[in-house]
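Chemist: Sequence:
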Amino acid sequence: MAKLGAFFNVNKDLTVGLFNTFFGKPKENAGAIVNPEAKAVALVNLNVNYKLPISLPLELNVNFQNLLNSDYNYTEFGRNWVNSLPLQPGMAVYGGIAIQL
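In terms of the working numbering, the sequence shown opens at residue 8 and continues consecutively.
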C-alpha cells in the first residue's frame, strides 16, 4: 500500500485535500471463483473543509471517497469459501457540520 496526497489552504476559511491510495494486488486463495478477481487498485479521495463566515464557529466538511468510482474486491482469507469479496460499492460522498466549542 502506498499513499500520496496534498493538502492546500486555499484561504483562511477553505482547505482542500486530494489523496491517492494505491493497494497492490492481494494474494489469491483456494476458494471457489464466485466474484471478480482481486486486483491492484488506486483510490482517489477529495476532502473539502469550509469555515462559514458567520458569528458562530461552524465548519462544513464534504468528503468524496473513491472519486473515480473504481470497483475493487479483496481476497477472502477468513474461510477461503470464495475467491474475493467486494469492499465498497463505488464512489461515496459524506458531509458534516462541526461546531467548535
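No lab work stands behind these hints, which were simulated from the structure alone.
Predicted, not measured: the structure shown is a model, and the values here were computed from it.
All C-beta atoms, glycine included, are put in the ideal place defined by N, C-alpha and C.
Check the hints yourself; a few may be wrong.
Label-pair restraints from in silico Cβ distances [what the hints assert, rightly or not]:
hint, residue 1, residue 2, range
1, 60, 39, 54 to 60 Å
2, 98, 35, 36 to 42 Å
3, 39, 94, 17 to 23 Å
Chemist: The structure should be examined with respect to each hint, and the outcome stated for every one.
Modeler: To see whether the hints hold, each was checked on the structure:
{"no.": "1", "hint": "60 - 39: 54 to 60 Å", "result": "holds (57 Å)"}
{"no.": "2", "hint": "98 - 35: 36 to 42 Å", "result": "violated (27 Å)"}
{"no.": "3", "hint": "39 - 94: 17 to 23 Å", "result": "holds (19 Å)"}
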